[in-house]
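Enquirer: As you go down the protein sequences, you meet chains Z and G in turn. The opening position of the first sequence corresponds to residue 7 in the working numbering, with each subsequent residue numbered one higher. The opening position of the second sequence corresponds to residue 3 in the working numbering, with each subsequent residue numbered one higher.
Keep in mind that a hint or two might mislead.
Claimed, not checked - Using 27 Å as the maximum straight-line C-alpha spacing, the simulated DSS-like pairs for lysine-lysine come out as follows:
#, chain 1, residue 1, chain 2, residue 2
1, Z, Lys193, Z, Lys216
2, Z, Lys193, Z, Lys107
3, G, Lys47, Z, Lys69
4, Z, Lys115, Z, Lys69
5, G, Lys47, Z, Lys216
6, Z, Lys69, Z, Lys107
If you are wondering where the hints come from, they were derived from the structure by calculation, not from laboratory data.
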Amino acid sequence: MLSHTFFDYAESDIEIRSDLADSFNVYWRQLSAVGTWFTASERIAIAAESRAAFDCSLCRRRKNALSPSLITGTHTAVTDLPPVIVEAIHKVITDQARITKSYVTELQKSGLSEAAYVELVGITVTVFSIDEFHRAMGLPLETLPEPSETLPPSMYSPPQAVHGTGFVAMLPSDGAVGHEEDLWTNKTANVHRALSLVPNAVREWVAVMKAQYMSMTDIATMQQKFDRSLSRAQMEIVAARVSSYNDCFY
Amino acid sequence: MMLRLSVNNDETSSDLDLITGESRVALRDVPLSAELAAFAESIAKRDEENALSVIRESLAAASSQEVVVDAAAVAANFQRMVRIADSTGIPLDRPQRTFSEKVWDELNLDRMPRAYN
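Chain G on its own, in the form it takes in the complex:
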C-alpha cells in the first residue's frame, strides 16, 4: 500500500506484478526497480549466501554499495514488520483500507486466509 502511495506522490507509475513476483520487468519510472525487487525477494526467501551474494553483487554493480546497504536495511526492517503484523493480528487501518480496495484486488489478497481479519 505504501508503494502505491509513494509512487503516486512522486507521480511515477507502479506495476504490482513486480511486487508479487509475477513479473521481472522493471518499473518505467523507478530506477533499479527490478534489481531491488530481486534482492528483496532473495532476502525474504532466505536464499543461501552463494545465491544471495550473486544478486547482491548484481545490485551493487548496477548501483553502488550504499544502495545495497540501504536496500538490505529496508528488507530486514520488513522481515520484522510482517511478523509484528501477523503475530498480533492487526487489521488494516481505516484510511488505508479505503484506499487499498483496488490494490487489494490487484494483489489478489483474498487468497490469503489472514486477509479476512
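Same shape as in the complex, but just chain Z:
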C-alpha cells in the first residue's frame, strides 16, 4: 500500500474535482504494484521514461525527420530499462503516429513481447494523461510512487485474445467473458479492446477516463448523464481538436 496520499490539491489555488484526485490516486496505487508482464519497479521506471520522453534529443531529431529510422543515436534515458523498452516508451509519447505493425513486430525480435508492449503502452499513456492534466492546469507533476510489491509478474494472458484487428492481439468485441467479463458488456469499440491483451491495462485507463472524460456507457449513449460544467458538444470540441492536432483519425 502507498504510505501517503498523492494528488492532494488542497494546497493549490485551484479547486479540482475530487473524482479526478481519487482516480489518479487509485492509478498511482496500481502503478506501484506488480503488473502482468513487469515488476512494480519496472512499471514505475516505465512511468519515469514516459515523463522523460519529450526531453530526449534523439526523439526530437526523429520527430522532425522525414525518415525517423535513418536517425541513429541513443535515447536520453532516465532509468536503467533496456534500450528496446526505452525506445518504445519514447516513441509512444513523441512519435506515435508513425508506429507501424512492422515496428511492433521488430520489438518482439528485440525481446519485447507483444503482451509486454501492450502493458508498456498502458502505463506510458495513462501516466502521460495524468501528467498532461497537471501541465494543462499549471500544476507540478506528482511524485512517482515507490514500488509496493516485490512479487514476480503474473504473466496472465486471456485465452480468447486474437489477432486481426490492429498491431497486437486483443479480445474479440464479444470476448469479454470469463475472467474478463467485467471489461465491457456485449460488444464494444476497437479503442476499448486495444489493450485487452493485458486486461488490467484496460481496467486502469478506463477508470482514469471516467473521471477525465466520461464512462464508456455515457460515450455510447450520446447523452449527458454526468455532472460536468461542459456540455457534451463542448467536450467533443476539446477532444476533436486534440485528436486532430495529433493526426489521429480515430
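The hints should help you fit chain G onto chain Z, whose structure is shown.
Expert: Frame of chain Z; chain G shown alone:
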C-alpha cells in the same frame, strides 16, 4: 467523429475547420467553442507554461475555473486516447466508418498515412 454525433444529437451545428485549426471562428451553437479549441490546441502542441497560461486564463475569464478543469481533463484524456489508437493500430469501427465518410473528406484524412489501416 464523436463531435459530429454529439452536435447532431443536440441539433447544433459543427464546423470542422475549427477542429482542424483552419479557422478560429466560434461555432454558432456551441458556447466557448473557440476558447475551448484554443486551449485544447495549446495543450496538444505542448506550449510552454507562459503561453499555455495565457490561453488558460483567457478561457477562465470567459467562463469559470470549473470549465478550465473539465476542459483540461478532457484534453489530457485524449492525449492518451490518440496514443492508444496509434500504438495499437486499431481501425475505425464499422458503424463509425460508415458514418464518417463525409467527415473523413471534410477533415482531409487521406493526407495521413495511418488513415489507410
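Enquirer: None of the hints should be skipped; say for each whether it holds.
Expert: Results for each hint:
no. : hint                : in the structure
1   : Z:Lys193 x Z:Lys216 : 19 Å, holds
2   : Z:Lys193 x Z:Lys107 : 25 Å, holds
3   : G:Lys47 x Z:Lys69   : 13 Å, holds
4   : Z:Lys115 x Z:Lys69  : 24 Å, holds
5   : G:Lys47 x Z:Lys216  : 24 Å, holds
6   : Z:Lys69 x Z:Lys107  : 19 Å, holds
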